[in-house]
Amino acid sequence: MAKMTILQAITDGLRVALREDERVLVLGEDVGVNGGVFRATDGLQGEFGPHRVVDTPLAEAGIIGSSVGLAVNGMRPIPEIQFFGFIYPAMEQIVAHAARVRMRSQGRFSCPMVIRAPYGAGIRAPELHGDSPEAFFVHQPGIKVVCPSNPYDAKGLLLAAIDDPDPVLFLEPLRMYRAFREEVPEGRYTVELGKANVVKPGKDVSVFAWGTMLRVALEAAKSAAEKGLDVEVVDLRTLSPLDRETIAASVKKTGRAVVVHEAPKSAGVGAEIASVIQDEAFLYLEAPVMRVAGYDTPQPLFSLEDIYAPDAKRILHGIDKAMNF
Amino acid sequence: MAKMTILQAITDGLRVALREDERVLVLGEDVGVNGGVFRATDGLQGEFGPHRVVDTPLAEAGIIGSSVGLAVNGMRPIPEIQFFGFIYPAMEQIVAHAARVRMRSQGRFSCPMVIRAPYGAGIRAPELHGDSPEAFFVHQPGIKVVCPSNPYDAKGLLLAAIDDPDPVLFLEPLRMYRAFREEVPEGRYTVELGKANVVKPGKDVSVFAWGTMLRVALEAAKSAAEKGLDVEVVDLRTLSPLDRETIAASVKKTGRAVVVHEAPKSAGVGAEIASVIQDEAFLYLEAPVMRVAGYDTPQPLFSLEDIYAPDAKRILHGIDKAMNF
Amino acid sequence: MQPTEQQQLPANNETLSNDLLLDMYRSMILVRHFDRRAVHLQRTGRLGTYAPLEGQEAAQVGCGYALQKHDWLFPTYREHGVSIVHGMPMETIFLYWNGRPEGCVPPEGVNIFPVSVPIATQVPHAVGAAWAAKLKGENQIAVGFLGDGATSEGDFHEAMNFAGVFKLPVIIFCQNNGYAISVPLSKQTAVETLVEKAAGYGVEGVRVDGNDIVAVYEAVSHAAEKARRGDGPTFIEAVTYRYGSHTTADEHSRYREAAEVEAWKAKDPIDRLKTVLIERGVWSDEQDAAEWERVDGLVQSAIDSMQATPPVPHDRLFEYSYAELPQELVEQRDEMRELYGKGGAK
Amino acid sequence: MQPTEQQQLPANNETLSNDLLLDMYRSMILVRHFDRRAVHLQRTGRLGTYAPLEGQEAAQVGCGYALQKHDWLFPTYREHGVSIVHGMPMETIFLYWNGRPEGCVPPEGVNIFPVSVPIATQVPHAVGAAWAAKLKGENQIAVGFLGDGATSEGDFHEAMNFAGVFKLPVIIFCQNNGYAISVPLSKQTAVETLVEKAAGYGVEGVRVDGNDIVAVYEAVSHAAEKARRGDGPTFIEAVTYRYGSHTTADEHSRYREAAEVEAWKAKDPIDRLKTVLIERGVWSDEQDAAEWERVDGLVQSAIDSMQATPPVPHDRLFEYSYAELPQELVEQRDEMRELYGKGGAK
Ligand SMILES: Cc1ncc(C[n+]2csc(CCOP(=O)(O)OP(=O)(O)O)c2C)c(N)n1
Ligand SMILES: Cc1ncc(C[n+]2csc(CCOP(=O)(O)OP(=O)(O)O)c2C)c(N)n1
Ligand SMILES: [Mg+2]
Ligand SMILES: [Mg+2]
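Chains as they are written, first to last, in full-length UniProt numbering: chain D, 1 to 325; chain U, 1 to 325; chain V, 1 to 346; chain F, 1 to 346.
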């Protein structure tokens, strides 16, 4: 088995899909000749041709809007949004259309597409290259939201998303793109959407995270262990629909929970997870669910990005607050 | 004092602002000659002229984007989005610009504007005329979100929003536009942003609502009273920033809470309020915070809208669940 | 907006067969009658807010006749005319305006996308569907409909640009009825004609008298043939007028003069074709009266079907939100059932 | 994209004074040197990702000189040249590319809006600022900058349309450098020139050789005068080229040939003006060498200032998110202070 980064695993997943299914096409800004600004589509245009890996004009509503038409007329488009913060101009096409095609047409039409977007901050990129507006899409019914934290899941979840008959937003944690390698099987395999993964079992407190924050949470768990705390770390992997069963089981075991994300705290996905926890495990809770998140300010320029994003210290602080409530 | 509907109170508030401050201008689709599709701007173009009450082309990003430029260069634009569900094409201009002008320029520039939008469902309108995506804007730092439930607040909050040095999204509960009349003072007065209002004190359970749902919550409270339950009903009025103090005080008193909104439940504003409650009043909570909200499906066509939106029965059911937990 | 000279040119009706003209004429009558009945149903509380099209029959019916069965339509809320011609049952359209989810579902084999309410958003869909047809090598085209006001939206621009760049088999069909609700064209754009906008995208633009069904039919036929040949997109501006209000919730006298409406009625598309048919000796006033009777029967039976449709089952809210309902939604549905029952039965 | 014939026309330099030409020449050298130093700083780890403009100096400096002090600029990430000319201190720009919030703040009295990263979104702002100027009766204009790729975005379209409809004192200034990152103009639009897009909005369009500073200066001057007269907007396409990569994070050899870059370098805007100045007898190689020395000192001292700036205080994250910090944010700030201290000090 080859060792791959998350980025390579994604390229590999796209290659498998393009090979296996003629209906699949990859489209977006700079995805062709250039292979994407992160090289996620590197080599694919060479292998599959410019009709299946397509450089589009610079127009996100056009990219998503035409993908809706492509999907409805039988294709399986995989549009790329160059950075998650550039998805805003495509909001209407996503929330008013892609997510509603099935319901609006009572199942007569459907809109299978996977919108890929590099996600999160932490690479000293310019403004708006580090936004994390996943909550918008978790709030919108009709579209699923997925975010891998490792190479194996990246490929497996991507292929599952491409198989899914409904639109999926696939968030790629850009700070982790090349951070580490892991064994990734060749060819096709899938990781089921909607299933969280208990990455590190523990009994004292549950930490819920995804994407880049998962690694940071593991770091915090390690420091906590030095203080004698046994932290359970859960990789949510799918943000919509949430795996409420796994979340509840974890908190029922530990009685305490911390949710971590890069987006601003208020009305973020952390609020939903905290609410799910009290819905499902109220009587087990020994402390309020702590939310360790970006502050309620716009994502700052990069000189402040390390202060903005949760780090192990802040997560540990959250764990302490949960433990010492 | 004149008795006015919410709609009349809004028109009156706009008139006061246009009279008092030369920098104020109202712009949007059909706001001029036609006086708005709900007549919220009726008569204003006649009184203040076509340069201050302006019919724009049909382009929401253009309306909000040019309002950003107007505001930055010294005006006080009040753009109208014809229905809240048509705000999606303006998302980028709102979340990537209007909300960030002050922070991005470190206070050198600011973006005082009030974006008005008729909000909520319940009037048998076509699709997308009943969406409630307020959670998107509550999640976005840098913009405030306000929603009155009665004529007095409608005018007072609107004038406070126009005075505010930052952008404010002003949501007008369209089902309530003409539902009832109340005394509304003449001329200028304001209702402070960021302050909730305990509309009906009670001791058994707190119900939090805003806009149209406030009246429905009061109805539910009345039915609950028949069963001997003393429900406290809190009108949040401002959704961002939330009045955490009033929310916490209420739940500390009652020990139980129900949050009501028309938007889908998952990752809605209800999740944030539930999270705030457990942050601030964990030890007082006798039951999980119940969220009575739209279902996690897209807002349906109107034959299903009554089933979709919370009604008194569903709120009562939520109250019962909170009481009998 | 006054009718222009151009629109007073006689239809170049020599080229089309009597049969086709008669068919189109009958369809225009059907569509007009459908529309009037719909307005009336709304006024009498039996239909929700409705968007009338009276005055625009030639633009829509002429367009519909120039297409093939398997072509795609991406309509707005006002495309009842072309939708009926393309195979949408009238009762389905009535159901739509009664807020019924069935109202968006065309019969199997009829490629009509559900009405797009957000302005101009359907134009990129048409472009995407045409792109798919091209990739699949199917001899199929897509038509994206929009109004004059819609040309101001970014989605129109992005779609036109994609159509040009990828040279797609798509027709972007704009009914310029002079108003976006209350806003006249002169406030919508600084150009006189919308067709001027096409050149900036490398897309061929054609402007026709939208009240001349023959002109519309020919323009769309040419554009469709061109698209099928692989020669790319066409933007068509059909200049027309709606006699009524924007929707039944609108009051057009607030923003336009009765005289303007009357001037347009003098160019009525149905009257114009009727005159031609009578001149050709293939139609008479008696036949005309009989035809109005006939379409009344058709429309009435669609209304009857609509009215006979039992209330919508509550489960319909959940059934199609995802291919497979997530657990959370199953629970929400079950709670809904518990509170409100199944609904739907009569 | 090869340089076109049009770009080989000699500058119509007769009309401009030697002083102005010399000033503009010195500014171009300053801007080029600034740009090269910025790229070098990035390569050596002393600056974040940077967007170079080398090759586009004439377009930017020529534009800047044609404006008045109180006019508004709405720049993209690549407008260092025109920003410097309009009064933005170089150290501020350096700070911006080091991710410092001060980097967006022009000195009091300098109307330069913070860099807009989302493509084309600044064009409606320029339109709005021009609208405000018109309403206030100020003799001020606004310039919205964008690239060739940006013309595909809906915001460009909506802004152009507003500019035309409201006849605003705005210049929409497009530097067509042939690429949007890796995507060449031929894949961006089906038309050959961007100026063709203006007509569809009733906006005057002007295309100039963007490497001819005199042509740019004159085009912008005319457009500015026209705007001040109340005669409305102008779209200017300045055809130019960037010699380097899109940003320091990009590698342009992946998508274009070295020969293409060389062909453009033969049309270098600085070389061209230098030749003219030497022909006019107002400049010499010695003066030139001295000038490069001089600007090196200026740029170096900006770099020194940038490097001497103490780290950003953590509170800066909160200070300006609202005019008045909501209670929740006060608490978040306090927790941040508790965990991470004040930051900022050296
Ligand atoms: C994005 C969006 N903004 C606003 C509206 C409200 N609206 C519905 S129809 C309409 C006018 C459309 O005018 P036009 O495109 O000329 O089409 P017509 O109605 O004349 O057929 C408006 C503003 C909407 N449906 N979608
Ligand atoms: C909305 C949005 N989408 C994508 C990007 C990523 N991006 C940054 S620059 C760029 C290309 C811009 O090309 P052009 O408009 O020609 O300007 P140039 O960079 O050549 O000056 C892209 C795609 C962005 N910043 N904003
Ligand atoms: Mg119209
Ligand atoms: Mg470019």
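Heads up, some of the hints might be wrong.
[Unchecked claim] Incomplete in silico selection of chain F near chain V, CB under 7 angstroms:
| hint | residue |
| --- | --- |
| 1 | E158 |
| 2 | N161 |
| 3 | G164 |
| 4 | V165 |
| 5 | V195 |
| 6 | E196 |
| 7 | K197 |
| 8 | G200 |
| 9 | G202 |
| 10 | G281 |
[Unchecked claim] Quick list of in silico lysine-lysine cross-link-like pairs, DSS-like style, CA-CA up to 27 angstroms:
| hint | chain 1 | residue 1 | chain 2 | residue 2 |
| --- | --- | --- | --- | --- |
| 11 | D | K321 | U | K3 |
| 12 | U | K313 | U | K222 |
| 13 | U | K3 | U | K252 |
| 14 | U | K313 | V | K342 |
| 15 | U | K222 | U | K200 |
| 16 | U | K321 | D | K252 |
I should point out that these hints are in silico values taken from the structure, not numbers from a laboratory. Note that beta-carbon positions come from the ideal geometry of N, C-alpha and C, so glycine has one too.
For each hint, the structure was consulted:
1. Evaluation of the E158/F hint against chain V yields a held restraint, the C-beta minimum of about 5 angstroms falling below 7 angstroms.
2. With 7 angstroms as the threshold, the beta carbon of N161/F comes within range of chain V, its nearest partner Cβ sitting at about 5 angstroms, so the hint holds.
3. Of the supplied interface hints, the one on G164/F holds, with its beta-carbon coming within about 3 angstroms of a beta-carbon of chain V, less than 7 angstroms.
4. The beta carbon of V165/F is positioned within 7 angstroms of a beta carbon in chain V (closest approach about 5 angstroms), and the interface hint is therefore held.
5. With 7 angstroms as the threshold, the beta carbon of V195/F stays out of range of chain V, its nearest partner Cβ sitting at about 9 angstroms, so the hint is violated.
6. At about 5 angstroms, the closest approach between the beta carbon of E196/F and any beta carbon in chain V falls short of 7 angstroms, and the interface hint on this residue holds.
7. A distance limit of 7 angstroms between C-beta atoms decides the matter here; for K197/F the minimum to chain V is near 4 angstroms, and the interface restraint holds.
8. A hinted interface residue such as G200/F counts as satisfied when its beta carbon comes closer than 7 angstroms to some beta carbon of chain V; here the least separation is about 4 angstroms, so the hint holds.
9. For G202/F, the shortest C-beta to C-beta distance to chain V is roughly 3 angstroms, which falls under 7 angstroms, so the interface hint holds.
10. Checking G281/F against chain V by beta carbon gives a least distance of about 45 angstroms; that is not within 7 angstroms, so the hint is violated.
11. Among the hinted pairs, K321/D with K3/U is inconsistent with the structure: their alpha-carbon atoms are about 51 angstroms apart, more than 27 angstroms.
12. Taken as a hint, the K313/U and K222/U pair is honoured in the structure, with Cα atoms around 11 angstroms apart against an allowance of 27 angstroms.
13. This hinted pair does not check out: K3/U and K252/U have alpha carbons roughly 36 angstroms apart, beyond 27 angstroms.
14. A distance of roughly 16 angstroms separates the Cα atoms of K313/U and K342/V; the hinted pair therefore holds under the 27 angstroms criterion.
15. Of the pairs offered as hints, the one joining K222/U and K200/U holds, with about 10 angstroms between alpha carbons and a cut-off of 27 angstroms not exceeded.
16. At roughly 21 angstroms between alpha-carbon atoms, K321/U and K252/D fall within 27 angstroms of each other, so this suggested pair holds.
Hint compliance for this structure: hints 5, 10, 11 and 13 are broken, all remaining hints hold.
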